[in-house]
Amino acid sequence: MTEKDRPWIMRTYSGHSTPKASNELYRQNLAKGQTGLSIAFDLPTQTGYDSDSPMARGEVGRTGVPICHLGDMRALFEGIELERMNTSMTINATAAWLLALYIAAAEEQGADVKKLRGTTQNDIIKEYLSRGTYVFPPGPSLRLIADTIQYTVEHVPDWNPTNICSYHLQEAGATPEQEVAYALCTAIAVLDTVKERGIAQADLDRVFGRLSFFINSSIRFVDEVCKQRAFVELWDRLGLERYSVREAKLRRFRYGVQVNSLGLTEQQPENNILRIVLEMLGVTLSKKARARALQLPAWNEALGLPRPWDQQLSLRAQQILAFETDLLEHGDLFDGSPVVEQRTSEIRDAAWAEVQAVLERGGTVPAVESGYIKERLVASNAARIAAIEAGEQIVVGVNKYVEAAESPLTSREGIDTILRIDPSVEKEQIARLEAWRNQRDAGAVKQTLDALRAAAKSGDNIMPASIAAAKAGVTTGEWGTLLREMFGEYRAPTGVAGARTPASGHDKLEKLRKEVEALARELGRRPKLLVGKPGLDGHSNGAEQIALRARDAGFEVVYEGIRVTPRELARAAADEGVHLVGLSILSGAHMDLVREVIKEMKEQGAGDVPVVAGGIIPDSDAAALEKDGVAAVYTPKDYDISRILEELVGLVKRAHA
Amino acid sequence: MKPPLDVVELARRVEAAEPAAVARAISLVEDRRPSAEAQSVELLRELRHVGQAARGERVGITGPPGAGKSSLLSALSRVAREQGRTVGVLAVDPSSPRSGGALLGDRARIAIDADDTGLFVRSMASGGDLGGLSRAAGAAVEVLAAAYELVVVETTGVGQSETDVEHVADTVVLVIQPASGDVLQFLKAGILEIPDVLVVNKSDLGAVAERARSELVSALDAIYAGGAPDWRPPVVSTSAPTAAGIEELIEVIDNHRAHLDAEHALAARRTRSAAAWALRLFTQRYGDVGVDVAGGRDALLARFTKAVEGGATAVEAVAAERPAYASR
Numbered sequence: 001m002t003e004k005d006r007p008w009i010m011r012t013y014s015g016h017s018t019p020k021a022s023n024e025l026y027r028q029n030l031a032k033g034q035t036g037l038s039i040a041f042d043l044p045t046q047t048g049y050d051s052d053s054p055m056a057r058g059e060v061g062r063t064g065v066p067i068c069h070l071g072d073m074r075a076l077f078e079g080i081e082l083e084r085m086n087t088s089m090t091i092n093a094t095a096a097w098l099l100a101l102y103i104a105a106a107e108e109q110g111a112d113v114k115k116l117r118g119t120t121q122n123d124i125i126k127e128y129l130s131r132g133t134y135v136f137p138p139g140p141s142l143r144l145i146a147d148t149i150q151y152t153v154e155h156v157p158d159w160n161p162t163n164i165c166s167y168h169l170q171e172a173g174a175t176p177e178q179e180v181a182y183a184l185c186t187a188i189a190v191l192d193t194v195k196e197r198g199i200a201q202a203d204l205d206r207v208f209g210r211l212s213f214f215i216n217s218s219i220r221f222v223d224e225v226c227k228q229r230a231f232v233e234l235w236d237r238l239g240l241e242r243y244s245v246r247e248a249k250l251r252r253f254r255y256g257v258q259v260n261s262l263g264l265t266e267q268q269p270e271n272n273i274l275r276i277v278l279e280m281l282g283v284t285l286s287k288k289a290r291a292r293a294l295q296l297p298a299w300n301e302a303l304g305l306p307r308p309w310d311q312q313l314s315l316r317a318q319q320i321l322a323f324e325t326d327l328l329e330h331g332d333l334f335d336g337s338p339v340v341e342q343r344t345s346e347i348r349d350a351a352w353a354e355v356q357a358v359l360e361r362g363g364t365v366p367a368v369e370s371g372y373i374k375e376r377l378v379a380s381n382a383a384r385i386a387a388i389e390a391g392e393q394i395v396v397g398v399n400k401y402v403e404a405a406e407s408p409l410t411s412r413e414g415i416d417t418i419l420r421i422d423p424s425v426e427k428e429q430i431a432r433l434e435a436w437r438n439q440r441d442a443g444a445v446k447q448t449l450d451a452l453r454a455a456a457k458s459g460d461n462i463m464p465a466s467i468a469a470a471k472a473g474v475t476t477g478e479w480g481t482l483l484r485e486m487f488g489e490y491r492a493p494t495g496v497a498g499a500r501t502p503a504s505g506h507d508k509l510e511k512l513r514k515e516v517e518a519l520a521r522e523l524g525r526r527p528k529l530l531v532g533k534p535g536l537d538g539h540s541n542g543a544e545q546i547a548l549r550a551r552d553a554g555f556e557v558v559y560e561g562i563r564v565t566p567r568e569l570a571r572a573a574a575d576e577g578v579h580l581v582g583l584s585i586l587s588g589a590h591m592d593l594v595r596e597v598i599k600e601m602k603e604q605g606a607g608d609v610p611v612v613a614g615g616i617i618p619d620s621d622a623a624a625l626e627k628d629g630v631a632a633v634y635t636p637k638d639y640d641i642s643r644i645l646e647e648l649v650g651l652v653k654r655a656h657a
Numbered sequence: 658m659k660p661p662l663d664v665v666e667l668a669r670r671v672e673a674a675e676p677a678a679v680a681r682a683i684s685l686v687e688d689r690r691p692s693a694e695a696q697s698v699e700l701l702r703e704l705r706h707v708g709q710a711a712r713g714e715r716v717g718i719t720g721p722p723g724a725g726k727s728s729l730l731s732a733l734s735r736v737a738r739e740q741g742r743t744v745g746v747l748a749v750d751p752s753s754p755r756s757g758g759a760l761l762g763d764r765a766r767i768a769i770d771a772d773d774t775g776l777f778v779r780s781m782a783s784g785g786d787l788g789g790l791s792r793a794a795g796a797a798v799e800v801l802a803a804a805y806e807l808v809v810v811e812t813t814g815v816g817q818s819e820t821d822v823e824h825v826a827d828t829v830v831l832v833i834q835p836a837s838g839d840v841l842q843f844l845k846a847g848i849l850e851i852p853d854v855l856v857v858n859k860s861d862l863g864a865v866a867e868r869a870r871s872e873l874v875s876a877l878d879a880i881y882a883g884g885a886p887d888w889r890p891p892v893v894s895t896s897a898p899t900a901a902g903i904e905e906l907i908e909v910i911d912n913h914r915a916h917l918d919a920e921h922a923l924a925a926r927r928t929r930s931a932a933a934w935a936l937r938l939f940t941q942r943y944g945d946v947g948v949d950v951a952g953g954r955d956a957l958l959a960r961f962t963k964a965v966e967g968g969a970t971a972v973e974a975v976a977a978e979r980p981a982y983a984s985r
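If you're matching them up, the sequences are chains A and B in order.
Per the working numbering: the first sequence ends with 657, consecutive numbering throughout.
Per the working numbering: the second sequence ends with 985, consecutive numbering throughout.
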């Protein structure tokens, strides 16, 4: 028997409300046997706004913890020894800043910064393609990533400065081949940026060795086993061929995993426990391509924010696999398997060909800016959804075996089966922020901000100036505002224009087109739909699929992409003369944002235009919204887009014809 | 139910540049129902009372996909607003020939301050009809021109759609992306109508953009070798992110308008455009057979010109030419 393998790092993606509340949660999780931390930040923190910014309204403490300054970071890790912790931070546009705060907080604890271990996600490309918390244009964003890489390789050598994500590509609909290809393209964009700085080969070797990946794992676990193995082979090849990394150890593919959330269902949500366990197998079974760190979603994610108990259940699944089963006692289970070898080579070769296709288009950034990659992802997701609608892809409890007994886990009267964020959290956080601003040395703040501006301008590494600013008490919003002024803000292509609805389920589309034609005759013009994503939430997959299908059914669709304010959306609804407004909000801030849009629409003379809302919206919230005048609410259980569009046609007809 | 529409009141509110009224008026001119078409004709007649001189300057921006028209438009409207002018934008996107649907995405690339009532942006689908502009575009421009000082129509395409934009604009601006040779070839070959202003966008690309500019200038030299016209299209280099060249572009557009005014050519150009637009609407509705029945292209154009000179809009002129067989 081979020597028993070490278990992977076990984490749970968590954080909410306030630094103090999150700190308590982290300590509980560590006490339950979690071996690392995975910090979820709220959307204002991720996009460089302070909690009291108008942009932050309704979002503070919602999808994660708000961190506005060093005091917040200090409170987040109180009683947790950072020198001995392994901390993963899901932070991208503002990664350099949060890393600066982390280093400053660790120094305060007396930690040896050289010994800090952990990961900053710091992958901006996938933000443009899927997750939507980007701020700056591609050039400055890649510069910030390269700065953090060069800084950590020298000063925090065990840190993973960037975690190239294929995770969010799969959530956006990528096939295994696309996931591998575009993740490698992202790595190429980052490595080329660093290389172009003219660093020595030895340093490039070290940088290559520090790049890690964040991968998704779907329910198709044979595909997943092979996908990870294809990744291992291609990463080795890329290191050797493109970057001349000679030492094999530095070409090892290191990756962490969060398993798939896309496939989790709102219907019969307890089934998700089983899905999560099966998805975990795809990234653990193969010793040769086993994840270094794993975090599992909770069974009730499609319903809302999970409670500590829900997260505990997912942690227990990991512990049972690692400590009760015999998995870690064996060598690689698949070596020599012709099936695995065959599928691995298929994924590997198709992915490599797609990497070459992107490079031929001038590289990753041009392929992002032109919408090439995004359009392919939108098309893949459209194909996936169409296959589910048509029943070709079975989802138990959704399009097959839908009869079910009442679940004792979700049906208890009056008891929340999700976590609710106390609305007073925002006010408390803002009060602490104001107190923080009042007690700091204004001179030091100004001086460090000036130094930050100078570094941003000159091209000096942004990290030392950011760490100094963190120590002087500068806030997340101040750092973000300054760099917005220096670098500008970016809007990524939506990818809808160049994608099309797949042929699958074509009868329904034809029927829908006829209905839309009839409606257009009644209205005197084509029905016009405004698809809006108010607030900071960047998860645009749902909005894109509705926009795409509506266009292909014959609607005229106005879609401006993510992060549009309620006032801007209301103005668009009014000026554009739309017949219907569809809002998509996945951050949980739907109550505030939807009401705000409706209020603004009334003020701007579009009060008679019906509004529908989509998102992770609990039943009780949906009922309240409908009382406020929302015409319909859609949640993840409404997977049949044709049916949604049929309802929208009926809605427009009743309201206008 | 909504109260019945008071067209005179709506026209008054459009002239006062109330965004809600402008939006309503454009929805009305898009509406193909017979009752709406009658109201639409009435509205355009009311708006004519504003008088030619007071009406907005109409600029058409066109060019191939990827030339950066939307970003240029965004920069142009920002700078014009800073200069104190009110701006109305009509952004036209293509319709899908299969479904008739359209994704109207230009709005996303135009920076719009939701509180600024001096900037109005409306997206419109091309309708998949003939060229690059929909049936209602001409009337929508009339509405915008009654409300705003600068009206900009943006549409994609090189080829047929330019003639469309020419029908609704006083000044046609063609935007070219550096290092894309097609446009230059089309111009040289005479396939492409020569616009009033040429823009080499993305001047931040440096040498490539500079080369594109000098190639254009020498192409124009060759075209005009036989003698200079009274208006030779200027070539302007712009960059949307830095707003470089945008003020110059506005100046050139103003110069072109001043040129038309000085030559007393504006009215003639608008009449020519409106008549041509009317012919296009007519052909679209009744087809080539309808044109023949009406006495042929030239006869129709002459009648449309006369109608427009008599104060009719293109829509009205077409309404007056309803062939007998079409009323059945």
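Worth double-checking, as some hints may not be accurate.
Interface residues of chain B toward chain A, partial, derived using beta-carbon atoms under 10 Å [what the hints assert, rightly or not]:
(1) V665
(2) G723
(3) S752
(4) V778
(5) M781
Selected chain B positions facing chain A (Cβ under 7 Å, derived; list incomplete) [stated by the list, open to error]:
(6) A677
(7) A680
(8) E687
(9) R705
(10) H706
(11) P754
(12) G757
(13) G758
(14) L760
(15) G762
(16) I880
Rather than coming from a laboratory, the hints here were simulated on the basis of the structure.
For glycine and all other residues, C-beta sits at the position ideal for the given N, C-alpha and C.
Right, here's what the structure says about each hint:
no.: 1; hint: V665; verdict: violated, 19 Å
no.: 2; hint: G723; verdict: holds, 7 Å
no.: 3; hint: S752; verdict: holds, 8 Å
no.: 4; hint: V778; verdict: holds, 6 Å
no.: 5; hint: M781; verdict: holds, 8 Å
no.: 6; hint: A677; verdict: holds, 4 Å
no.: 7; hint: A680; verdict: holds, 5 Å
no.: 8; hint: E687; verdict: holds, 4 Å
no.: 9; hint: R705; verdict: violated, 22 Å
no.: 10; hint: H706; verdict: violated, 24 Å
no.: 11; hint: P754; verdict: violated, 12 Å
no.: 12; hint: G757; verdict: holds, 5 Å
no.: 13; hint: G758; verdict: holds, 4 Å
no.: 14; hint: L760; verdict: holds, 5 Å
no.: 15; hint: G762; verdict: holds, 6 Å
no.: 16; hint: I880; verdict: violated, 32 Å
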